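Undergrad: These protein sequences, in sequence, are chains A and B.
Residue 1 is where the first sequence starts when you use the working numbering, and the numbers rise one by one after that.
Residue 1001 is where the second sequence starts when you use the working numbering, and the numbers rise one by one after that.
Be aware that a few hints might be false.
[Said to hold, decoys possible] Just a few of them, taken from the derived set where beta-carbon distance is under 7 Å, the chain B residues facing chain A:
#1 P1040
#2 G1043
#3 T1049
#4 K1068
#5 F1072
#6 T1076
#7 E1095
#8 F1099
#9 K1101
#10 K1104
[Said to hold, decoys possible] DSSO-like mimics (lysine-lysine), calculated; alpha carbons at most 27 Å apart, straight line:
#11 B:K1057 <-> B:K1101
#12 B:K1068 <-> B:K1042
#13 A:K83 <-> B:K1079
#14 B:K1079 <-> A:K42
[Stated by the list, open to error] Have a look at the derived ranges for each label pair, beta carbon to beta carbon:
#15 A:R98 <-> B:A1053: 18 to 26 Å
#16 B:A1077 <-> A:S73: 17 to 25 Å
#17 A:T76 <-> B:Q1014: 44 to 52 Å
These are computed hints drawn from the structure, not numbers from a lab.
Keep in mind it's a predicted model, so treat the numbers as computed, not measured.
All C-beta atoms, glycine included, are put in the ideal place defined by N, C-alpha and C.
Residue strings, one per chain:
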Amino acid sequence: EPEVTQTPSHQVTQMGQEVILRCVPISNHLYFYWYRQILGQKVEFLVSFYNNEISEKSEIFDDQFSVERPDGSNFTLKIRSTKLEDSAMYFCGARASRQETQYFGPGTRLLVL
Amino acid sequence: EDQVTQSPEALRLQEGESSSLNCSYTVSGLRGLFWYRQDPGKGPEFLFTLYSAGEEKEKERLKATLTKKESFLHITAPKPEDSATYLCAVQGGSEKLVFGKGTKLTVNP
């Protein structure tokens, strides 16, 4: 299976602090995604990103969240001012085209204290 | 709104005891139904993509089938290493995947 990598694997932060989660997608993949999974709950869509633009976002993805792909390889999710309820596993997804399989990274476990 | 419901929530099997997991869905214009395996603390690992009713795919002890309203993941003669949470997701008219809550499978030796 193609490999998506994410860093860090774990992040602990204080409420109100900014965090940046990083993803290195598969090299020929053009569509990128962030999902999150709160403990014991469903995997939820946050945002999709294509051609350096957000193509779709969920209600969860409010002004506290942003995404970018600054260097053409890393794909980042920034949370500007973390809240307790942001504690979750965050998964990066990637696919080569809109019709193909979406592959996921191993996740970043974010804990907001 | 696209929805996915998986049943049962949890399933315990003895090694070698075959069974099936269910994924019922409602979606506007199905573009794909996906099965993933998720181990504790890990990301979803891709298993199958199904695109149209009647389609079937197999991989080792797993077989996925699709109808217009549901999908089944059949597990034949499972082994303890098949223990995991199995996630079903659908893609409709948009980019996103909509996931079910998953079925937690435990296979006892």
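Undergrad: Please go over all the hints and tell whether each is borne out by the structure.
TA: Consistency of the hints with the structure:
{"no.": "1", "hint": "P1040", "in the structure": "violated, 11 Å"}
{"no.": "2", "hint": "G1043", "in the structure": "holds, 4 Å"}
{"no.": "3", "hint": "T1049", "in the structure": "holds, 5 Å"}
{"no.": "4", "hint": "K1068", "in the structure": "violated, 20 Å"}
{"no.": "5", "hint": "F1072", "in the structure": "violated, 19 Å"}
{"no.": "6", "hint": "T1076", "in the structure": "violated, 22 Å"}
{"no.": "7", "hint": "E1095", "in the structure": "holds, 4 Å"}
{"no.": "8", "hint": "F1099", "in the structure": "holds, 4 Å"}
{"no.": "9", "hint": "K1101", "in the structure": "holds, 5 Å"}
{"no.": "10", "hint": "K1104", "in the structure": "violated, 11 Å"}
{"no.": "11", "hint": "B:K1057 <-> B:K1101", "in the structure": "holds, 22 Å"}
{"no.": "12", "hint": "B:K1068 <-> B:K1042", "in the structure": "violated, 30 Å"}
{"no.": "13", "hint": "A:K83 <-> B:K1079", "in the structure": "violated, 41 Å"}
{"no.": "14", "hint": "B:K1079 <-> A:K42", "in the structure": "holds, 26 Å"}
{"no.": "15", "hint": "A:R98 <-> B:A1053: 18 to 26 Å", "in the structure": "holds, 21 Å"}
{"no.": "16", "hint": "B:A1077 <-> A:S73: 17 to 25 Å", "in the structure": "violated, 43 Å"}
{"no.": "17", "hint": "A:T76 <-> B:Q1014: 44 to 52 Å", "in the structure": "holds, 46 Å"}
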